[in-house]
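Chains as they are written, first to last, in our numbering: chain A, 6 to 488; chain B, 309 to 785; chain C, 3 to 96.
The hints are simulated quantities; they were obtained by calculation from the structure and are not laboratory data.
Be aware that one or more of the hints could be misleading.
[To be verified] Simulated crosslink set (PhoX-like; lysine-lysine; CA at most 25 Å straight-line): (1) Lys54/C / Lys423/A; (2) Lys413/A / Lys28/C; (3) Lys77/C / Lys269/A; (4) Lys723/B / Lys781/B; (5) Lys77/C / Lys92/A; (6) Lys44/C / Lys379/A; (7) Lys114/A / Lys77/C; (8) Lys8/C / Lys379/A; (9) Lys533/B / Lys480/B; (10) Lys77/C / Lys438/B; (11) Lys98/A / Lys28/C; (12) Lys44/C / Lys307/A; (13) Lys77/C / Lys58/A; (14) Lys423/A / Lys44/C; (15) Lys71/C / Lys438/B; (16) Lys352/A / Lys28/C; (17) Lys77/C / Lys98/A; (18) Lys54/C / Lys398/A; (19) Lys114/A / Lys71/C; (20) Lys54/C / Lys388/B; (21) Lys352/A / Lys24/C; (22) Lys352/A / Lys92/A; (23) Lys28/C / Lys423/A.
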Amino acid sequence: MNFTKAKIRDLRKMLDSGEISAKELCGEYFKNIDEKDESLLSYITVTKDEALKSAEKAQKMIDEKQAKALTGIPLAIKDNICTDGIKTTCASKMLGDFVPPYNASVIEKLNEQGYVLLGKTSMDEFAMGGSTQTSAFKKTKNPYDLERVPGGSSGGSAAAVSASLAPAALGSDTGGSIRQPSSFCGVTGIKPTYGRVSRYGLVAFASSLDQIGPIANDAHDCAILLNAVCGYDRHDATSARIDVPDFTEKLGQPIKGMKIALPKEFYSDAIDGCVKDAVLSAAKELEKQGAVLEECSMPGLKYAIPAYYLIACAEAASNLSRFDGIKYGFRGEGRTFNDLIIDSRNKGFGEEVKRRILLGNYALSSGYYDAYYKKALALKQEIIKEYNEIFEKCDVILTPTAPTPAYKIGAQDNDPVKMYTADICTVTVNIAGLPGISTTCGYEKDSGLPIGMSIIGKRFDEQTILQTADAWEQGFTPVAPEF
Amino acid sequence: MSAYFPTMGLEIHAELLTKSKVFCTCSAEFGGTPNSRCCPVCSGMPGTLPVLNRKAVEYIIKAGYVMNCEISRFTKWDRKNYFYPDLPKAYQISQMPRPVCLSGNVKINVNGEEKTIRINRIHLEEDAGKLVHDEVNRISLADYNRCGIPLIEIVTEPDFHSADEVIAFMEKVKLLLQYAGICDCKMEQGSIRCDVNISIAPKGSTELGTRTELKNLNSLKAIAKAIEVEIDRQEEILESGEHVIQETRRFNEALGETTAMRSKEDAHDYRYFPDPDIPPIIFTEEELEEIKNSIPELPEQRVERYVNSLGLKKADADIIVGDKKVCDFFDEAIAAYNNPKAVANYIVGELTRRINLGEADMENLKFTGADFARLVELLQTDKLSQSNTKVVLGKMIETGEKPDDIAQKEDLWIKEDNDLLAKTIDEIIANNPKPVEQYKNGDKKVFGFFMGQANKALKGLASPKAIQEYLTKKLEE
Amino acid sequence: MAVDMKTIEHLCGLSKLSYDEKGMEKVMGEMSDIIDLMDEIKGFDLTYDDTKDNNEIRFCDTREDIPEKSFDTQKLLQNAENTDNCYVVPKVVE
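Chain A with its partners taken away, still in its complex shape (with noise of 0.2 Å):
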């Protein structure tokens, strides 16, 4: 059997026709893994016992005839979503050993549905970074090209979609970091609405931004992740009360008559001629099918990686003070608390960590709070109201995932400016905690690496964008990277 970009839904099938039995799917998905991720390096920890009992469980359900969406079925999930016994290490050598007493509650979630866990995928450490090359364990190639990056943070989740290392997996997006990848790796993810998924057992990086999501073979399979995962939890304050609809029901549906909003910041000369005309081409074609193509304007993009990185940072400082060696984690050396805790702090982190640890101390140090993080707070609500203006004559905007298609491993060492302004395309939706879906949109013509377009929705309007996305993928053939 050829499980090659295999669909959820096709393994739904192919699961409750007894095709096939939940074991020997998982067992061909970790044939692949002990194949291939040696060189591709997108699993920190591989779970084989906890798997086979997984599914021996879901087999029963299946066999009664009581399998949910998801029953069976496999998935890697990014290593800074806690699963209890099961180590979590964020990709940092701070937590290479921790082990979480608790399960985060997507997870709860995922167990309900009777899923089947292969491993948690590497990430950028902290899920600081856009390239997977942060990680303290597992450097994440990208599949078309083992001498790229797969894109990050979630690196990990996206490369091993792409690779058929595993059928779907969940990420988290504090920036860009499931569209970015999936972009890179020539997959779909979807960043959904701040609030929409439950972020607690997500280790907080950023908590006003982050957001789990799922990264697939296309829209429709994140439709139906996303329909497991999400909801109110009353374990998280910011998750969002609010009814959830099934996000597959609108796919399929014509978007005649969708108005799609193209803003002209984001197709400045920041952005690749290869990537500016794969999305424009591809707006065209969403034209061919009855859509309506707006230009727009967002002039608030100007300050948006300033204002992302300074909250994002500030957060970020604050949330990281936990990590002092004496609860968990990597415990260093000293005779005195403050020994230990620096010992522990300046061994256990990498060095864009503590950049970011320092960057957010000084957004909120007294004397420079004002002018930085508050600075950035107003910005916040600028273009949220530049977001709600083109939202009142639009159904949905259309922008590049990412300003290159993926680039080489160490081409953004040492540069973390450089590394910052990548970031472009995808901070404002974190910003504005609208949902986002990166789907590929071309490939460039020498490299053939994948390009991705997002479309960025309305608050909790997950199921349009499913819905373009989908209108999309219906016309377009993915090339599965010859990995």
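Given the coordinates of chain A, work out where chains B and C should sit on it, guided by the hints.
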């Protein structure tokens, strides 16, 4: 007379009487085996999130109302960032720019004079854990059971100029919080704690001096003593031409002195910012009205009711209301025996005396208000003599037995022995012809003399009423 | 340079991090570049109004005060150096 006058402001932390902690569902009870009242949230596990307890918010709103504060319609929470091993998240969830309560006031009475203390703000925050120091192994052990117990911090304006004012205010605040059902105010358990900001300045000066902050004040006595010694210390410094250093000082009760605490490093820059995990809250007028209406009767209203409706003396009512435990006991007693004046008399007279002597302790009373009421009833209905009533109370304090059982067992009932009564009084009359004559000549005052004689002779064997009746009959013959 | 050594030292103190001399030089250079990038926000001149974030919840949406069972102590301590049910910390001097 000192050439300086002190100025003080208080920061009072009071633990709220919620059942669960403020940001998680662990029990908020005091104590427990170390780390047995903890969960991933209050022990600061990665990935966990705080979820605000409604009751804690309700309680701080009540605290605001009883201290005449303005209640914000929009309130939010901030992180106060600092590293300390009793603070597992390395930030305390607190409130900075938008506390629940602002600008209130509390009236106090000091040496017969009324004074108003202004409240700057009251905000809601979480308590930290506890450290036990192991000197031998040079380690500290961290217990997070107390982490996440809801606290309110009451910040006053610098309106105090003497220790007496501070003590009067603390007593008043304790009563208000206890009666509102917000805090049990046990200083010795740390459920209410007070830090004093204190400075002195030359008399007549309009500027305040440099202040120090006094911590570790575990009793009202300690507060008074710490203020006294800190004023002396600051005076000495100024007198010698030196400057007071702005710092936190710890009061050592055993030595009766304050010592500078090693400052928490970088403690001056807490980097407050809005906690992104806790959405701000908005209140409707109806919600606030409902909370306001649910505040139980406060001390002043109770005194008024006891005086006006129950007919107690103001002084007695003040004493009873002055201790919530006594007051609840009183209410329980009069519910069982509707004779408020008699019950109040016996509480203020006899029970309070024994408490002051250390014989009884309201915290651990072995009998109920109803038992006490029965005792007073036995006295009032001439079943027990004054002196035997005291004997029975003593036994009740000791054993918690019922008054009737004690009286029965110890044979303390007044015995209505009419033959003995007649015989004894006849003898007294026979032995005192002169007073009898005085009485017959219209000097009714000597009746008291006969009553005294008879009571003494018939101790516990006849009720005063019976004695009075027989004596009157005989003398009028 | 947007930041000087003193500022970096202060930030290290707040962050509980430290660098050797060479590391300090390097991080100072990087932080200067980063802060130059952040300084672009100074060109934006609107002010922040915290009452207009539209993210507040209603009082009645807060959690009810119902205690639940706490966690197994040993499970909570499973990642920590511990003794007598407590976390072990180097002695704290007050």
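Each hint tested on the structure:
For the proposed pair Lys54/C and Lys423/A, the alpha carbon gap of about 33 Å is over 25 Å, so the pair is violated. Under the criterion of a C-alpha separation no larger than 25 Å, the hint pairing Lys413/A with Lys28/C is consistent with the structure, at around 24 Å. Of the pairs offered as hints, the one joining Lys77/C and Lys269/A is violated, with about 54 Å between alpha carbons and a cut-off of 25 Å exceeded. The straight-line distance between the Cα atoms of Lys723/B and Lys781/B is roughly 20 Å, inside the 25 Å bound, and the hint therefore holds.
Of the supplied pair hints, the one linking Lys77/C and Lys92/A holds, its CA atoms being roughly 14 Å apart against a limit of 25 Å. Between Lys44/C and Lys379/A the alpha-carbon distance is near 11 Å, which keeps this suggested pair within the 25 Å criterion. A C-alpha spacing of about 22 Å is found between Lys114/A and Lys77/C, which places the hinted pair at or below 25 Å, so the restraint holds. With a CA separation close to 24 Å, the supplied pair Lys8/C and Lys379/A stays within the 25 Å bound.
Restraint check for Lys533/B and Lys480/B: the C-alpha separation of about 19 Å stays at or below 25 Å, so the hint holds. At roughly 20 Å between alpha-carbon atoms, Lys77/C and Lys438/B fall within 25 Å of each other, so this suggested pair holds. Only pairs whose Cα atoms come within 25 Å are accepted, and Lys98/A paired with Lys28/C is accepted, the gap being roughly 22 Å. With a CA separation close to 12 Å, the supplied pair Lys44/C and Lys307/A stays within the 25 Å bound.
Our distance criterion of 25 Å between C-alpha atoms is met by Lys77/C and Lys58/A, whose separation comes to about 22 Å. For the given pair, Lys423/A sits about 20 Å from Lys44/C by alpha-carbon distance, which is consistent with the 25 Å threshold. At roughly 21 Å between alpha-carbon atoms, Lys71/C and Lys438/B fall within 25 Å of each other, so this suggested pair holds. The suggested pairing of Lys352/A with Lys28/C holds, with an alpha-carbon distance near 17 Å, which does not exceed 25 Å.
A C-alpha spacing of about 22 Å is found between Lys77/C and Lys98/A, which places the hinted pair at or below 25 Å, so the restraint holds. As the CA atoms of Lys54/C and Lys398/A are separated by approximately 23 Å, the hinted pair is consistent with the 25 Å bound. For the hint pairing Lys114/A with Lys71/C, the CA-to-CA distance comes to about 21 Å; that is within 25 Å, so the pair holds. At most 25 Å may separate the alpha-carbon atoms for a hinted pair to count; Lys54/C and Lys388/B meet this at roughly 23 Å.
A hinted pair counts as satisfied when its Cα atoms are at most 25 Å apart, and Lys352/A with Lys24/C qualifies at roughly 16 Å. This hinted pair checks out: Lys352/A and Lys92/A have alpha carbons roughly 19 Å apart, not beyond 25 Å. Distance restraint check for Lys28/C and Lys423/A: the Cα-Cα separation of roughly 17 Å lies within the 25 Å cut-off, and the hinted pair is therefore satisfied.
The earlier numbered hints that this structure contradicts are 1, 3.
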